[in-house]
Amino acid sequence: MSNALVLAADTANAGASDPILNMSIFGAFVIVTMIIVIRAGRNNKSANDFYAGGRSFSGTQNGMAIAGDYLSAASFLGITGAIALAGYDGFLYSIGFLVAWLVALLLVAELMRNTGKFTMADVLSFRLHQRPVRLAAAISTLVVCFFYLLAQMAGAGGLVSLLLGVNDQLGQSLVVAVVGILMVIYVLVGGMKGTTWVQIIKAALLIAGAGIMTIWVLALNGFNLSTLLENGVKVSQALEAPFDPLQPGLKYGKNPIDFISLSMALVLGTAGLPHVLMRFYTVPTAKEARKSVVWAIWLIGAFYLFTLVLGFGAMTLVGPAVIAAAPGAANSAAPLLAAALGGPVLLGIVSAIAFATILAVVAGLTITAATSFAHDIYANVIKRGEVRPNAEVKIARITIVVIGALAILGGIGVQGQNIAFLVALAFAVAASANLPTIIYSLYWRRFNTRGALWSMYGGLISSVVLIAFSPVVSGKADPTGALTLSMIKGVDFHWFPLDNPGIVSIPLAFLLGIIGTYSGGKKENSWIAAEMEVRSLTGHGAEKEVAH
Amino acid sequence: MSKEETEKGHHRIDYPAFEATPKYQELRKRQRGFVIPVLIAAMAWYFLYVALAVFASNWMATPVIGVINIGLIFGLLQFVSTFGITMWYVSFANKRLDPLATELRHELEAKQKAGVA
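Residue numbers (our numbering), protein chains in the order written: chain A, 2 to 549; chain B, 2 to 118.
Some hints here could point you the wrong way.
Stated by the list, open to error - Among the chain A residues that face chain B by a calculated CB cut under 10 Å, a handful are:
(1) Pro249
(2) Leu251
(3) Lys292
(4) Ile489
(5) Gly491
(6) Val492
(7) Glu546
(8) Ala548
If you are wondering where the hints come from, they were derived from the structure by calculation, not from laboratory data.
A quick note: this is a predicted structure, and the numbers were derived from the prediction, not measured.
Glycine included, C-beta positions come from ideal geometry on N, C-alpha and C.
If we strip away everything but chain A, and leave its shape as in the complex, we get (with noise of 0.2 Å):
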């Protein structure tokens, strides 16, 4: 990929783009949210402040964090560049992100704040066996942030080369470590109320950016979404390469399995989010928690109404055959489009988005591991509850810095591998081991500890196991033969069939919930779940807000 990204470098936007404007920008981005999460940070004496930023948010803002947490620079990147490249399939994508939510509307915000604390597995133990199913979930929290923030650190890197000009691979290097760094201060300083404020900094401009770009790109075609499409199709069909960008089935028809495999993990994954539940805890009730699930509803909604405009701009403003032959080739699809707009200074404000995105989401990966490391596994599991709130805070910072050098790590390890995959893979693993334990306990009341830990260790290794052995990691050969697609290259060890592990591993760990729950596990105390349901419903005993 990376030689790729040289050579292309020079021929494509190499002469809108001005690094210095472009790093001045975001330079400018980092010093305002720097000063506003010194600020939030300075009431972070409790674990209630530091974990939940004491419950003070309204469900607007948390709603607008919660788009800043899960719009990722894949969403904005990736979906422009998937729109421009293969148009319709792009769109398709798009919805599954957006339907999702109505799965943690209808289901579990308002039911999850009102029974935990900090973390899901709060949640999930509290009418099961604490430690064990405590321990399960926080393993499952770790793995799937460790995935996604693998996946964000790698994406930073990429996205320099790209936006910056920065293309050796000590230049990229020093950019993911500064990337990791800006983390662990935001984290460490902030808590979770500065993490909250960068997200719905980002979120504000990210939306903002993406509104204007579409507005303008709309202006440009009279204000008519036919024209636009019109417009697309007429610069598709002319290229060496003619398609049409309207039609179904492009990218995803060859194998339909697989899109609906993926689908599967998008729809059900996001209810599963470990970073997503953790953002429910910020606010003082469950009603502010449903507000805060409808804000992000309407916020996501409008912003991939606004990538098929994009898409469908880069198309006809830029052409699918620069953008493929660009840098980042999909990637660069909305910076190009930027660039067409509003030259040097569009482009460098839309870079400057890009990384603020990253850093946003990173940055509720970190809190959430964390939290997960140090509520749960700490101070539950190895001290049994016997731990001073102090203590558990303290491990809670340790564990920042300690995942921030790992991210830090992990991003240089990866460059320039094929690791796009990784954000699919968290969602299934989300999907397969965290939704069906967090349904069951809290619509069925005869489910037990042994289906809860059939249930997440069985999805979460059908889910991993499935995906080393399929064609992402190994043996997918691109259409021509010449190049290999997988992550890992001259080896062909796979034997499942698809991309996505969704379609076997999400039915499977519904399945074993059952299976175990039935297959001689105890029944549990009915009186806590009493109280578990109740609690839910009435949002009696719920944590209060913290007053200051």
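For this one, chain A is given, so just place chain B on it according to the hints.
Quick look at chain B alone, frame taken from chain A:
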């Protein structure tokens, strides 16, 4: 968890008995009765769309108005249905769930106070 929780006094309220009260049963029925069927319908509607897009892509490519084809309308309808269900649920929860949940929560708080005193 059971032991620690009992010590903390969470169990002064007889939750199984509370759960059996008609008012609580009504709240439970309303919540379950809305979210489960609506979510199943939304999922069926989404996977119908995905299946048509990948298995019946030529039919989805049939133009309706100008270049706008069935697939594009279907896709935009997913946005409409997601936004619509969201607004429907919010209005349902505001009218049918929240008042009852608040009332029950106040009852529980009163019980807890009485238990502590």
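For this session: List in ascending order the numbers of the hints, as given earlier, that are violated by the structure.
Result: 4, 5, 6, 7, 8
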